[in-house]
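Undergrad: Protein chains in written order, with the numbering used here: chain R, 6 to 344; chain U, 6 to 344; chain P, 6 to 344.
Be aware that a few hints might be false.
Identical chains share a label here; the pair holds if one copy fits it or two copies do between them.
Below, in silico cross-link-like pairs of lysine to any residue (SDA-like), each with a Cα-Cα straight-line distance of 20 Å or less [unchecked claim]:
1) K336 to R166
2) K322 to W333
3) K297 to V200
4) K105 to G149
5) K336 to R325
These aren't lab readings, by the way, just hints derived from the structure by calculation. From a predicted model like this one, the values you see are computed outputs, not experimental measurements.
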Amino acid sequence: MTVDTRFYAPLGALTLETAAALTGAQLIGEASSPITGLASADQAKAGEIAFLEGDASAKPTLSPHLSVVIVNEATSSLVPDGVSRLIARFPRHAHSTVAKALFQPRHLSGGFGTQAVAASAQIHAGASILPGAVIGEGAAIGEGTVIGPNAVIGPGVQIGRNSVIGAAASVHCALLGDHVTLLAGARIGETGFGVMAGPSGAEDAPHYGRVILQDHVTIGANACIDRGVFGDTIIGERTKIDNLCQIAHNVVLGRSVVVAAFGGISGSVRVGDGSMLGGRVGIADHVVVGEKVSLAASAGLFRDVGPGETWGGTPAKPIRQWMREVAWLNKQASTRKRD
Amino acid sequence: MTVDTRFYAPLGALTLETAAALTGAQLIGEASSPITGLASADQAKAGEIAFLEGDASAKPTLSPHLSVVIVNEATSSLVPDGVSRLIARFPRHAHSTVAKALFQPRHLSGGFGTQAVAASAQIHAGASILPGAVIGEGAAIGEGTVIGPNAVIGPGVQIGRNSVIGAAASVHCALLGDHVTLLAGARIGETGFGVMAGPSGAEDAPHYGRVILQDHVTIGANACIDRGVFGDTIIGERTKIDNLCQIAHNVVLGRSVVVAAFGGISGSVRVGDGSMLGGRVGIADHVVVGEKVSLAASAGLFRDVGPGETWGGTPAKPIRQWMREVAWLNKQASTRKRD
Amino acid sequence: MTVDTRFYAPLGALTLETAAALTGAQLIGEASSPITGLASADQAKAGEIAFLEGDASAKPTLSPHLSVVIVNEATSSLVPDGVSRLIARFPRHAHSTVAKALFQPRHLSGGFGTQAVAASAQIHAGASILPGAVIGEGAAIGEGTVIGPNAVIGPGVQIGRNSVIGAAASVHCALLGDHVTLLAGARIGETGFGVMAGPSGAEDAPHYGRVILQDHVTIGANACIDRGVFGDTIIGERTKIDNLCQIAHNVVLGRSVVVAAFGGISGSVRVGDGSMLGGRVGIADHVVVGEKVSLAASAGLFRDVGPGETWGGTPAKPIRQWMREVAWLNKQASTRKRD
């Protein structure tokens, strides 16, 4: 998991010793080893720091390349010998402290002329920047693309050709392909919702990932696509998302997926190509949905669904079972009033 | 269905022959006949091109004035003799190709001074345009109306007297009456959600209609009212819509309708005067709801409801039946555990 | 209930006689008594005008300090002797007429330089105001706080230190503490959804309260927190609210409450410290939820819940009962098809 330095400015590598001092953690390992990046424990490469929460009964998947991890007293035993560890009371919180010392999010800053476009932004001569738009340092806007009035394009954002960014929409920490459409007020690349325990109570977990919108993706008005925690949130080619949808961090939607209004897809969900989600469908985190699945309007899905299936209801089940339940209940309640 | 040229610039009439060439369709009819407008098949007037999808079992309502229509091999048989037809594999997609050759959406462009108000916009001396607002060509803003900070008013939009447009709200392709209130971030007149099949996969169907907000309408913060496909989305006098609602293309709401937060009304739904929709009510497309209907919070309605009724549940049913089911299920599951 | 004059400019006290003339109401009481403020009937202090709607069967709680109230013919009998009253057909509507004569919401107006920051705004030298931001008269922005691009800060708004206001977000009639985060497009302090009867039909009830966001509060992208009617909407320290949530007027959330995406909390609800609301949870108005309560995703809650409980379903019930119902229905509909 390589943090994209277009969105997060590297502040230089840390040693394990420095990380231990920053977090008050106990160090087991080589004090002078460098920490160069951030990752989740299942994806870490050498030098990338990860964390493990929970208790000793957890069965985390660990990357074979994991070299340093923040644990608590309980999860320390889950780490193979030879992996350096920092032992802390709140591993995720300690990890965020190290993260903030390694990378700093790039905010908009100077370099603006009267048009509110940063001097270092690369705007194709065939692009249109409408009044009130703000474009950050190092952003790139391709030929034929229109940045709508009062839209905000964050530092480092890359947008391809013939895309349209709607009025007052905002894009941060994201790469957009060609023919991408964002309707008015869409919010791409905000930090995801992750509440972690810290010494003073609930805190927001920082996010270092990105959003990728592939070619011909359309995002509805006031819809939100959060960026990944360490990796990316990915919306596949020709996928169409309606107004007021919420797509959480690290979600991966395939190609030509359709998500109707108020669709809510929780963290790390995967949805296969060509699946259709009716209005107000919700999917719980980490659920895997196959290709060409249909979910009926207002379904609340808490389990994986295989390819080609149609489910409905809350909690969602195969549509025939759901319809049978609806019909059966209707009949019983109508005829057995004196039960 | 006359396309409003304040929002869509006419590019000149086409002949059937040209339309056939643009779309690769087979032409049956008079090659030199002009196409002057766009419509749905049930509303078309002479010279307005429509389309028919599906198969031969469809029973479309056809306007008696229909003169030219795009069909596929199957639906060709549904069209009366004497109506010209273009036979294409993807009729709706071909229709959108013709539409784009007939009309071009007006985008914001030049004519802006330092205030980001187009020179051709007509702003009443008694209106207030707050900092950061952007107002497009040919827009008109009436006496006593306030355009909020960083709001966006698209080309041709007409707003009456004593209306208030909230901070960062946006309005396109719309006519607003007097005493209309949009709270912050409301999105009026974005393109509706219509995914059509095309030769390369899913594509967005273009929208050529408008939004009409009658006098004393209020639209909540971050709520969305999509414009019609060919006709209009209409919100009747004194209708009040809460935050984060979604009103789809071609919906018609009557007078004094109340829609609480997260209300979701799908395409072409009609709701009668004085109806009350509780929080998180959803209505499936083309459903017709009578006057003074009450829908309980979180109802999911898939069927027409007559005037004066109260329904609840998902799928929604008369409220007494729903409450009976809820009570019966509660009792059964409590007492018959060993069934 | 003291109206905060940073947000509402006082227009001077009225006498009862003037109020009666403005509203066409019948006056019973001392004509020359002054009306100096606004309140609900249960909170009014001397000189603050309140109202009572409904019929004689209502059992309103009345403040012992209530000195003047607008009633209808039916509710007049509920008011103790010695309290002045105005008798009107639409008490809430008449109250709003008096309110508008007492206080005028402060809108953005003059005093702007090229940066769209009002001359009277107090911006700490260590704060960052990004391009396109608009800041109103009398607003105050603390050290280390960042006002995002195209964000809007209304007149009189107070924001503490090290807070971050996201792109295109808006804040009105609100006090924000330190380390408060608003993601892009969040809408703080809009008028709540209150539809009142008036002589011409449905009208919006005006709101004169505020929003208080305590230290370390985070509000998600495009989420909405409405201001109170007369009192305040309060979000407690370290409470975290996800994208696209709706928090209505006069809600009080405790400390470290977590509200996942699409949470909808109706007017005057109270939620205790440390409670967790899953995605798409809805709570009906005036419901009281204890401390450390868990509500499962998509729960629709219509009743009070005591501390430490876990509820789910719609209408929500204790989670074991809900799961038992789900399992029982599944079993019955599977095995008794011929019932």
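Undergrad: Please flag the earlier hints that this structure goes against, numbers listed from lowest up.
TA: 1
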